[in-house]
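What follows is the residue order along each chain.
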Amino acid sequence: MRLANKSLFQKDIIGQALKQSIVKLHPKIMFHNPVMFTVEIGTFIMLCVCIGILHGQKSQGTFGYNFTVFVFLLLTLLFANFAEAVAEARGKAQAESLRKTREETPAKYIQPVGEMYVNEMKIIPSSQLKKGDVFICEAGDIIPADGEIIQGLATIDESAITGESAPVIREAGGDKSSVTGGTKVLSDKIKVEVTAEPGESFLDKMIALVEGSSRQKTPNEIALTILLAGFTLVFIIVTVTLKPFADYAHTPITIAAFISLFVCLIPTTIGGLLSAIGIAGMDRALRANVITKSGKAVETAGDVDVLLLDKTGTITIGNRKATHFYPANGIDEKQFIRAAVMSSMADDTPEGKSIIELAKQNNDSNFISFEKKAGMKFIKFTAETRSSGMDYDNHRIRKGASDAIKKLIEKSGNPFPAEIAEKVRSISENGGTPLVVSENESAKGVIELQDIIKPGIQERFQRLRKMGIKTVMVTGDNPLTAKFIADKAGVDDFIAEATPEDKMDYIRKEQTGGRLVAMMGDGTNDAPALAQADVGVAMNSGTQAAREAGNMVDLDNDPTKLIEIVEIGKQLLMTRGALTTFSIANDVAKYFAIIPALFIMAIPALQHLNIMNLHSPQSAILSAVIFNAIIILLLIPLALKGVVYKPVGASALLRRNLFIYGIGGIIAPFIGIKLIDLLVTFLVIYLK
Amino acid sequence: MDTEISGIVCMFVATLVISFPLGRYIAKVYEGQRTLLDPVFNPVEKFLYRISGIHISREMNWKQQMAAMLTINMIWFLLGMFILMNQSWLPLNPDHNPGQSPDLAFNTAISFITNCNLQDYSGETGVSYLSQLYLMFLHFASAATGMAAAAAVFNGLKSSTTDKLGNFYNYFIKSITRILLPVSFIIAILFVFNGMPMTFLGKDTLTSLQGAIMHISRGPVAGYVAIKHLGTNGGGFFNANSAHPFENPDYFTNMVEMIAQMIIPFAMVFALGFYLKRKKLAYVIFAVMTLGFLLLVIPNISMETKGNPAIAAMGINTSAGNMEGKEVRFGAAASGYWSIATTVISTGSVNSMHDSFMPLSGMNMMLAMMVNCFYGGVGVGFLNFFVFIILAVFIGGLMVGRTPEFLGKKIEAREMKIALIVALLHPFLILTGTALASYIYVQDPSAYAAWLNNPGFHGFSEMLYQYASTTANNGSSFAGLGATTPWWNISTGFVLLFSRYLPIIGPVAIAGSLAAKKYTPESAGTLKPDTATFGLMTFAVIFIITALSFFPSLALGPIAEYFTFH
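Protein chains in written order, with this note's numbering: chain A, 1 to 688; chain B, 689 to 1254.
Since the hints were made in silico from the structure, they are not lab data.
In this text, a Cβ means the ideal position worked out from N, Cα and C, and glycines have one as well.
Careful: at least some of the hints might be erroneous.
As the list claims (entries may be wrong) - Covered stretches of chain A, going by a simulated chain B footprint (3 or more residues, C-beta under 8 angstroms):
1. 219 to 227
2. 243 to 250
3. 416 to 427
4. 579 to 588
Could you put together the complete structure from these sequences and hints?
Take a look at the structure:
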């Protein structure tokens, strides 16, 4: 259900936004934006002037001219409101479509009637579920609310929120125990505890954030607003002091001219688009299927200096694959492969499956049977033994990490063959993962698993390095393997045999050095690190604790998302900077349009300043005001899409943006105002 | 090359050559390293500190720094009022000059502690030698105040995280004893050897060839004039300032005075580079300042040497340039150079009459003071530039996709607020001052006719220049303005107070706030302030803010005058 491909402006969004742009004219709402609020005051004064002229006021020029100024000032306000409204509407539409999936689904609620009775079930609408309630979902049910599985395991279709069609497994107790409202249970039965009050799920929070009710200005937005308010103040001073100056020079200036001068000079372009840019940033994150808990999180993402990336899924493709069987000295290869197969029969992990797959390729003479037989006793992997396998007849077959199997073998008094130890080492050094297989506590051989590095990931890290971001690979692998993969993928650093504490320490260390750290995590173990990191992205499949701790949730559970999030953050900040520059650079041309227009009547010598050769003082002022209004409208798409981010290093980026938005910002209005002046002059003559 | 031009080039190059090692030395002084002068001054300083109970090892936060600064300034102001009002009976008054009236003493004391040096009295008759010596002390003290504040800002820009910015008294005393005194001493000796008086004797009398008896004022001029320039003060010993033959006898002293007033503003920039070990940053800042300086000074030299077309139209030979109000011994080119040098930095001493310059030359001088940070006054020039850096860093930082930071410290709402207040104060004071004056004048032009010798555009320029000059703490003026009326005394007095102390307190507060922040090391993604691109960006910010604030007023003054001319 990704909406990424939808066009920027859809009919329903436009309609909604148009209505909102008028609602937002309310001074109380306007007041939050100091720049546009002053424009509103100006517009109101112009309205009074127009009314005055209708009542016979003579000194302010024609009604037509004053009214046109009024209309375009009003349009300036509406365009600015429209920008914000479109951004809001788009974000809301995106969030709503996610939310719709979970509205009013029946919930199989478990009534707690005391210890004696269990499974007292009652069907209630999902909206009545409260935090802490427990419900049941069986195959075919839509999960009514966000929650955590407390019992059972199920395959779930999460395509409603992730767009990914392959079902996922969620089970109680592990790191993948969270379920999201609106997704569908495909098989099995789970008992789920509700983790959020109705209206307080992440999506609800996100929608509120976009709608503006709980949207707070981010620190950077506040600082920028101060800057813009400062510029506005300068021009209040300039405009107000101009009155006595003009009196001294015996130059009467009309109210329309004063207000136009003021409105054109204050940074209306960025002032009008500022909140739209912020909302669009969150919206872009949402389009990438990332729910942000605050606008600040997106902004901070742009500042990130260190990225902690999980190896699996980010740097390497999903899981390791078996690539080779190395029998121990004196062991027949086929015998060894058979042992390997038997050890993996009950191993449902992707690694286990890949062993069976590789064995099937090597099974020319149907020597190995892959059927499970009666009497086979499967041993599950546990954290203590760190091995798995099976008991059959008198054979005890085990498979596990080399140190685990070595311990097992040496405990029974058998030697651990030197050539096996050597093989284990060489596999590790080459970035592989060795698994040792033993039968009746004697080593049979080594299976080599290899990580497959994602194509294109090296370039991606190169890009990050150019952005000035340090990449750190986090993996449970031993240091040798980790180093090999780290080198091959081109990451700057790695944490091998990583425990949650290691991650935490690493983050703390970087933070004391003044760097901002982003990480992604899913398990409960990750929660402290997620909370510690400046940008913590929790996977949606992760535990509730992890999702609470992070400041973003990734609906796709895609570890590469971090990179995208950083780019979104940078783009957001750049768009603000670029439009501020553009807005201020515009003033140069506007000055050359308006200043001569103000004075030429009394001081004809100043005609020399009219370098654009605009037709008349009135047409010059009108053109500037019209340009000022239209430019906001024209820049809405840029504000929503964001300025293009290129990872070329800060200096090159500054040069590029200064050139486009600084120089461009000086030149564009000269052309624009001249064209509008020609058009206005033509229309005036034509209408006469 | 034309000798006039080569003289100017010589002055600039000499300034640069002297100021670079001086910058290294200044950094050394503020770092607390040993200097050659320690054996002379250390015992004196220790004694002074002991009797005044100052512990210079005790570091101060920015508020304590500024409290110390304001307190000592207040005391000098009161002491100054006392001396000026009672100079008639105090010692060292061989010419029996009367005490100043309270309002004049108020104006004089304020304008000297603020490093501005508007002079509503005439040096020959308005002050005694004791007063001149006290004013000379204020030359040192006001310059050292600016330098000490700059040193505090340097300290705040270090990468460590602390709220302490060093000890204000230490910076202040060191600025005087290690920098200003020794350099002034050398300059004063050069002056004495070139005919500048240095005496406590009263007026000399002389019988002219016609038999008339002339009374010639003199005094401890050489020592006074040395620090007048070195400290970018500009208040003259005599009424005619550096156009007076005793205050600027020949082309050589003219060069020395020119160089003396620019070396510390230059050197402070280099000192920043040495102090922070970011020489490249200092070069970029220096380059931006120099670019601004050249863009103002080159047109002025060219316009002044070309001469006045209106006078040429009368059939008068103007090949020597526009010589109205200029001294023949300096010429049009050197006067043009001086006119911008004295206005970009806050000296405000003059060797020619600025009122008589060409309209656009006058505009450039005003622009120099409106910008007030192309080199700028001692210490404060860098502080003003620092405010523009903060603004440029903010916009530039966003454009590279990071929340803005300068030298590893984040620029946030608080810094932005302070920077904007300081940046806004400048146009606010200049424009509202001029606006109020215009308003009063327009109410009854005949009653205030004495204000403006030239009504019309030039009269407007005179008023605008006066407020630009006081706001920039410059002190020079368009002489056509009759500024010795209550309105001008009072309004400029207030402007002076605001425009001196807020722009010092603001940057120090920003530095204090930045110093307390966490330091983020630079990466490839960080905006680098020591690149040409960022330099240009800063220049653009300065240009745009100044141009945008002052364009309408300049259009009604010098620009209108210029176009009417042509």
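Each hint, compared with the structure:
1. 219 to 227: As far as the region 219 to 227 of chain A goes, the hint holds, because 7 residues have Cβ atoms under 8 angstroms from chain B.
2. 243 to 250: holds (count 7)
3. 416 to 427: violated (count 0)
4. 579 to 588: holds (count 6)
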